[in-house]
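Chemist: Chain order of the listed sequences is A and B. Position 105 of the first sequence, counted from 1, bears residue number 105 in UniProt numbering, the numbering being contiguous throughout. Position 130 of the second sequence, counted from 1, bears residue number 130 in UniProt numbering, the numbering being contiguous throughout.
Derived from the structure by calculation, the hints contain no laboratory data. One should not assume that every hint holds.
Partial list, computed: chain A residues near chain B (C-beta under 10 Å) [unchecked claim]:
(1) F118
(2) L134
(3) W145
(4) Y271
Idealized CB from N, CA, C, for every residue including glycine.
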Amino acid sequence: MTMLLARDTAVGAATSAQRRRRVGNWSGWAFLAPVAIYLALFYAYPLYRNIDLSLRNYTVRSFVRGDAPFIGLTNYQAVLRDPTFGPALTHTIVFTAMSLVFQYSIGLALAVFFNRRFPLSVTLRALFLVPWLLPLIVSASTWSWLLNSESGVVNAGLHALGIAPVDWLTSPTWSLVSVIIANIWIGVPFNLVLLHSGLQAIPVSLYEAAALDGAGGWRRFRHITLPMLRPVTAITLLLGLIYTLKVFDIIWIMTRGGPSDSSTTFATWSYRLGFGNLLPSFGLGAAVGNLLVVTALAFGLIYLRTQRRLHSA
Amino acid sequence: MTGTGKRWHTALAVVLTGLMLFPVYWMINVSLTREQDMRKTPPDLFPLHGTLAGYQEVLGEQLPYLGTSVVVGLGTTLLTVALSAPAGYALAKLRPRGGGVLSFLLLAAQMVPGIIMAMGFYAVYLRFGLLQSVPGLIVADSTLAVPFGVLVCTAFMSGIPGELLQAARIDGAGHLRTFRSVVLPMSRNALVTVSLFAFLWSWSDFVFAATLDNGGRYEPITLGIYHYIGNNNQQWNAIMATAVVASLPAALILVLAQRFVAAGVTAGAVKE
Chain A
1 MTMLLARDTA
11 VGAATSAQRR
21 RRVGNWSGWA
31 FLAPVAIYLA
41 LFYAYPLYRN
51 IDLSLRNYTV
61 RSFVRGDAPF
71 IGLTNYQAVL
81 RDPTFGPALT
91 HTIVFTAMSL
101 VFQYSIGLAL
111 AVFFNRRFPL
121 SVTLRALFLV
131 PWLLPLIVSA
141 STWSWLLNSE
151 SGVVNAGLHA
161 LGIAPVDWLT
171 SPTWSLVSVI
181 IANIWIGVPF
191 NLVLLHSGLQ
201 AIPVSLYEAA
211 ALDGAGGWRR
221 FRHITLPMLR
231 PVTAITLLLG
241 LIYTLKVFDI
251 IWIMTRGGPS
261 DSSTTFATWS
271 YRLGFGNLLP
281 SFGLGAAVGN
291 LLVVTALAFG
301 LIYLRTQRRL
311 HSA
Chain B
1 MTGTGKRWHT
11 ALAVVLTGLM
21 LFPVYWMINV
31 SLTREQDMRK
41 TPPDLFPLHG
51 TLAGYQEVLG
61 EQLPYLGTSV
71 VVGLGTTLLT
81 VALSAPAGYA
91 LAKLRPRGGG
101 VLSFLLLAAQ
111 MVPGIIMAMG
121 FYAVYLRFGL
131 LQSVPGLIVA
141 DSTLAVPFGV
151 LVCTAFMSGI
161 PGELLQAARI
171 DGAGHLRTFR
181 SVVLPMSRNA
191 LVTVSLFAFL
201 WSWSDFVFAA
211 TLDNGGRYEP
221 ITLGIYHYIG
231 NNNQQWNAIM
241 ATAVVASLPA
251 ALILVLAQRF
261 VAAGVTAGAV
271 KE
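Chain A on its own, in the form it takes in the complex:
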């Protein structure tokens, strides 16, 4: 891939550039200034406002006037004691874990399958990208209709197999499963592309040597593919984790976190607190959101460390 190549040359160029580092200081910052100001204005400031929101007692009126009283960590305590906290935590973990497991295993199976050369392989692999490129609202509303209780094609298919219809989106038992299925569908292409590029980097000679030693397909997969793919696996899973924690659109559009919180995650809960009710509770919403930020950033740091280790290795 172009980017992989570009990076490899970059590593070589970096060492010689290091010596000349001081020279570019002024002009360098002149080119960086727009992005630095942008980061401060449109990342740091909204995030700061978000922390501020979570530490104050906001009503609609004080939100507009900006004079809400400081109440410390009261919002966080209220969130922890809220009856929604337990279910939201469980659902976030289940949603993330199930999505990752299936996205990765299906993505890996497809990557191995498409790693062979056969007619149309490139075109068909490209078509697999479609779910990942579609706007989430398109995917989510399409899945809503596919899974519709009365008129959905999924229940029609089950009926043809002699299975009773399932209330995918309207029963508390199935709503979380439904949004997980839709999210797996959206995430498979991403896993496929990354793992496929990882497979391409494994030298063919390894497989040839193993085949000479009489190792069958499964053993070659277990003892060559999986270990050689470990770095790419780590990156794929960690990135997937960060992306999946963020998922909001799909769940909100398909079930709005319901029925009765059965598919509520931290992301949808935060949105509902801040924007979903007639009387918004921005403070509580921001508090839930900040818990999510801390989790995402924690895994983000693990991701960066992993990547640095892989690079220096």
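Fit chain B to the supplied structure of chain A, relying on the hints for placement.
Modeler: Using the frame of chain A, we list chain B on its own:
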């Protein structure tokens, strides 16, 4: 592999792709289905009595939304490229002190969930009167793409040989000149990748639109679909027709710029 083996492989691959894309097919099928056939059991697998009524509805009601999405998408793309390209050049070639910290902050910024950014933006925009405005939405949408843009530009521009830049310097070109006449033309591929994804992400954005632009004069197509689902959930052919139209940029990009897409996906995972 033998010839027959390859043929079997292709056959299996076609079946798998068909399964994966079935929801997309279904979206198109439903968009062409007549109102009275919508709740038939079992549903028609093919649009035998195809109708364009859903698409007429789109033309009648959704054009303003589509127009807004195009404007917001182009604005986001311009802003993203204008910020990413110089930053990429600085981080790749000029490497000023503190640049590493900035790249780290950009990476961290990418990990902040959109819904949290939306809440912060809401509070800020409320104060500065930017709610329900197109420029406000463009700025918010650009936060989806700028970290990625800087990353791709940095990775790509690192690959430009230093000798070329030095030659330009010896010829008397300043940094700005070198950037404009050497670096930018050579980075065309990176700029195309960044532009495509910036447009696509802004076009697809729902979170910022729903929080910052809901009820505004100019709403993007994602809100158009969302209102549709909320208001008249009987007209699924119109909803799905809108969804098909909203998917067109993604389809176009896949057909016309496939290699950029694959490069973009991998670039997301390749960071220094």
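Chemist: If a hint holds in the structure, say so; if it does not, say that too.
Modeler: Hints, one by one, checked against the model:
Taking 10 Å as the C-beta contact cut-off toward chain B, the hint placing F118/A at the interface holds, the least distance being around 4 Å. Taken as an interface hint, L134/A checks out: its beta carbon lies about 5 Å from the nearest beta carbon of chain B, inside 10 Å. The beta carbon of W145/A comes within 6 Å of a beta carbon in chain B, closer than 10 Å, and the hint placing it at the interface holds. The criterion of a C-beta within 10 Å of any C-beta in chain B is met by Y271/A, whose closest approach is roughly 5 Å, and the hint holds.
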